[in-house]
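Colleague: Chains A and B are the protein sequences, given in the same order. To convert, note that position 31 of the first sequence is 31 in this note's numbering; the numbers rise steadily by one, no gaps. To convert, note that position 114 of the second sequence is 114 in this note's numbering; the numbers rise steadily by one, no gaps.
Only true hints are included.
Okay, the calculated beta carbon distance ranges per label pair:
(1) B:Asp102 to A:Met1: 17 to 27 Å
(2) A:Asn101 to B:Ala81: 56 to 66 Å
(3) B:Pro177 to A:Pro42: 30 to 40 Å
(4) B:Val122 to A:Lys90: 18 to 28 Å
(5) B:Asn36 to A:His105: 46 to 56 Å
(6) B:Asp119 to A:Ser33: 22 to 32 Å
(7) A:Pro42 to B:Asp119: 27 to 37 Å
(8) B:Asn124 to A:Thr11: 25 to 35 Å
(9) B:Arg66 to A:Thr93: 29 to 39 Å
Hints listed in this document are in silico derivations from the structure and should not be mistaken for laboratory results. Cβ atoms here follow ideal geometry from the backbone N, Cα and C, with glycine treated the same way.
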Amino acid sequence: MKIAIASNGNTLESTLDLSFGRCAYFIIYDSESKAMEFIPNPNRDLEEGAGPASVNIIASRNTNKIISSEFGVKIKPLLDSLKIQMIVLKEPTKTIQQIINMLNH
Amino acid sequence: MSPRIKVLRKVLSPPIIKGFKPYGLQAGQQHPEVVNLLYEEYEALRLSDYDKLNHHQASIMMGVSRPTFTRIYGSALQKVAKAMVEGRQISIEGGKVYFDSDWYQCSNCHCYFNNPQKDIVVENCPLCGHDQINQFDFANESEDDHPTNCEDFCVCPGCGFEKKHRFGDPCNQQTCPECNHLMIRKKSTDPKKQKN
Ligand SMILES: [Zn+2]
Ligand SMILES: [Zn+2]
Ligand SMILES: [Zn+2]
Numbered sequence: 001m002k003i004a005i006a007s008n009g010n011t012l013e014s015t016l017d018l019s020f021g022r023c024a025y026f027i028i029y030d031s032e033s034k035a036m037e038f039i040p041n042p043n044r045d046l047e048e049g050a051g052p053a054s055v056n057i058i059a060s061r062n063t064n065k066i067i068s069s070e071f072g073v074k075i076k077p078l079l080d081s082l083k084i085q086m087i088v089l090k091e092p093t094k095t096i097q098q099i100i101n102m103l104n105h
Numbered sequence: 001m002s003p004r005i006k007v008l009r010k011v012l013s014p015p016i017i018k019g020f021k022p023y024g025l026q027a028g029q030q031h032p033e034v035v036n037l038l039y040e041e042y043e044a045l046r047l048s049d050y051d052k053l054n055h056h057q058a059s060i061m062m063g064v065s066r067p068t069f070t071r072i073y074g075s076a077l078q079k080v081a082k083a084m085v086e087g088r089q090i091s092i093e094g095g096k097v098y099f100d101s102d103w104y105q106c107s108n109c110h111c112y113f114n115n116p117q118k119d120i121v122v123e124n125c126p127l128c129g130h131d132q133i134n135q136f137d138f139a140n141e142s143e144d145d146h147p148t149n150c151e152d153f154c155v156c157p158g159c160g161f162e163k164k165h166r167f168g169d170p171c172n173q174q175t176c177p178e179c180n181h182l183m184i185r186k187k188s189t190d191p192k193k194q195k196n
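Just need the whole structure built from these sequences, with the hints factored in.
Modeller: This is how it looks when you write it as structure tokens:
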């Protein structure tokens with residue numbers, strides 16, 4: 001199972017980014033192999049369409065879930081149609097390490 | 001935008017019927033061609049004339065722009081009128097739609113999540129694994145569950161904006177004043193309401 005986390009940095013001490021489409025990094029976590037991939041978000045500075053472009057990146061990695069503190073209004077239809085689950089966590093202080101620990105419950 | 005991702009319109013749930021048949025036609029008058037009402041056209045009629053949403057609210061519900069909504073709605077009316085006047089059958093099928101997935105909240109870590117795999121029953125929080133999860137029941141927010149001194153809040157899953165829930169106003173017909181997202185119910189932490 002691959003899970004994407006919208007992160008504001010590329011370390012385990014980074015925290016959840018406030019935006020999915022414009023987050024600094026996507027962290028792709030593989031819950032079986034425990035492998036992690038840090039992908040710099042090329043859509044950070046897009047004026048429009050950052051959300052859908054970011055969904056594309058996530059979908060190309062065969063991700064099943066996305067964790068973010070916010071998803072733009074147009075994202076849910078796309079993710080629903082791709083059967084990618086949205087997890088909205090309103091805790092901007094949570095670090096990537098803490099989130100991964102939660103996933104490893 | 002990549003061509004891989006198609007723009008889809010959100011439909012809350014599929015219609016309960018596959019179509020309509022006219023009756024009272026004289027023999028041989030049956031029009032051979034049926035009128036095909038697309039799912040999004042059915043949904044536009046439902047939101048606008050059954051649920052009585054205005055076009056702005058309805059367009060947000062379907063995840064389309066307001067001009068697109070107006071075009072879909074216009075096409076729906078035209079097809080229904082055509083079927084009635086010409087005595088044609090209506091079949092409701094097809095279209096670029098997906099059926100909206102439901103929202104849940106975990107009582108342990110307080111995350112919100114949806115369930116796009118509709119055929120799988122949600123039992124545990126996808127984040128922390130806890131089994132105390134509550135579903136936001138959009139469709140049947142029945143009035144019996146709502147004491148007049150309702151302690152609930154509507155919350156925006158997009159930006160977290162909260163406001164006091166108003167009795168009798170379904171959350172999913174409220175749009176967030178901050179970001180225009182549709183609101184959902186924030187369940188009160190009353191332990192009686194939680195699943196065991
Ligand atoms: Zn949880
Ligand atoms: Zn909002
Ligand atoms: Zn409400």
